[in-house]
Amino acid sequence: MTVVAAESAVAQAISRIPDPEVPVISIADLGILRAVDVDEQAHTVVVTITPTYSGCPAMEAIASRIVFESARQGYAADVHTQLSPAWTTDWMSDEGRAALQRFGIAPPGPVPTGESHGPVAVTLSRHVVACPHCGSTDTSEIAHFGSTACKALRRCNACLEPFDEFKAI
Amino acid sequence: MTTPQSSPLRSDTSRGPRSSTPQSSPLPGAAENTGAAPGAKPYAAYLLGLADDAMVYAQRLGEWMTNAPQIEEDMALGNIALDLLGQARGLYPYVGSIDGTGRGEDDYAMQRDEREWHNVHLVEQERGDFADEMARLLWFSAYQVELHTALTSSTDDVVAGVSGKALKEVRYHLDHASLWVVRLGDGTEESSRRMQAALERVLPYLAELFDDDEASVLAAGLGAGVLPSTLHQGVVDRVTRVVEQATLTLPDGSRWRSRGGRAGIHSRPMGYLLAEMQHIARSYPGATW
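Quick mapping for you: the protein sequence lines, in order, are chains G and U. 1 is the number of the first residue of the first sequence in this note's numbering; add one for each residue after it. 1 is the number of the first residue of the second sequence in this note's numbering; add one for each residue after it.
Hints were generated in silico from the structure; no laboratory data involved. Incorrect hints may have been included.
Some chain G residues well away from chain U (every beta-carbon gap over 10 Å; in silico) [said to hold, decoys possible]:
id: 1; residue: Glu21
id: 2; residue: Pro23
id: 3; residue: Ala98
id: 4; residue: Gly146
With the C-beta cut set under 8 Å, the calculated list includes, among others, these residues of chain U facing chain G [as the list claims (entries may be wrong)]:
id: 5; residue: Glu72
id: 6; residue: Ala76
id: 7; residue: Asn79
id: 8; residue: Leu82
id: 9; residue: Asp83
id: 10; residue: Gly86
id: 11; residue: Gln87
id: 12; residue: Ala160
id: 13; residue: Val162
id: 14; residue: Gly164
id: 15; residue: Lys165
id: 16; residue: Ala166
id: 17; residue: Lys168
Please read all numbers here as calculations on a predicted model, not as lab measurements. Ideal Cβ placement from N, Cα and C applies to all residues, glycine included.
Here chain G stands alone, though its shape is the one from the complex:
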């Protein structure tokens, strides 16, 4: 989904910037880098990013890193934040998902379509999450919210390790 001028060194440098909260994944693999428009004549680059959550505190750090990396390549960057279309974990690349898994964070499953109108309790066991350590699907939720807005906290009932789950939205 991300539109990047792959042949451009500045575009590649921008796409490799790690997410400040989850540094094992790049902003391109996370799907928050939406567009990079390079003007080779003027040595400027217009970069469009979208937040994972409305209040994501990492956006300003990401924007300043983009300006920094662009400057290192000799480009002046103009960073825009775009809300629509809203970010979804479906934009995360396969490489990004694999990196999360290796880091011990369960990657997001497919985004549920619509919303549950069933009894509330059904939501407790609504989806299956595999443990990133041992692979068991016998896991349970400890907390609805984890260390950042994009994660929940779970526990593996097989190997007893706690782990973060990247929530599908």
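Got chain G; can you put chain U on it based on the hints?
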């Protein structure tokens, strides 16, 4: 590459939500509505109603940090507050472009006095016990789910964009509140009694969410907003399903109700909330770090 804009009432087309372009910051309290289109003032008031509900409730929820019954809940309520803060930030600079003042997010959050806030009384009330907060979060997030579902088809691209983003978040907030209301309601005798009492205490503050004031009638007429009264049944249905599963009773009818928040008339706790929230910004005007 900026977000497409098509507000029916904008007086300036250069600003988007949370744009990286710095906002010019005129002195707070600068003349309102200068040079803005007719109808801009009530439309700005409508948008401020949406933003101020989120901003004030974010402040209240933030008070739970270190005060919740367990550390996971500190983080949960802090995360919910952060989502709401982000929703407010998406709207404030945009309002500044509509009302003609060019104010930025800090001007709206930190430099307005009580009478200039458009939030409902529900979100400004003191936090009470944990059951009180879950009762309020249940109703408010059910309201926000219905609200943002409707506003995703707003004719105003900025509103539709903020709402499309917010909808994903508030569904999760509703899920969180629902789990706690069921757990407490269908829990011990003590937790059930206190959850029921909380549902009764929150009741007088709900009707205000669904009042069709002048600003919302205008916004709905433009296709940019939604009439609050049309959200009522959907919200009640959502809350009823949870309350029934929690083996509690939805209390009917309060003998009094709050009113006036959308017009800037607030209840006693609001002044204290603003004093705490704005203290640093007002003590050190223009400070940065």
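Hints breached by this structure
4
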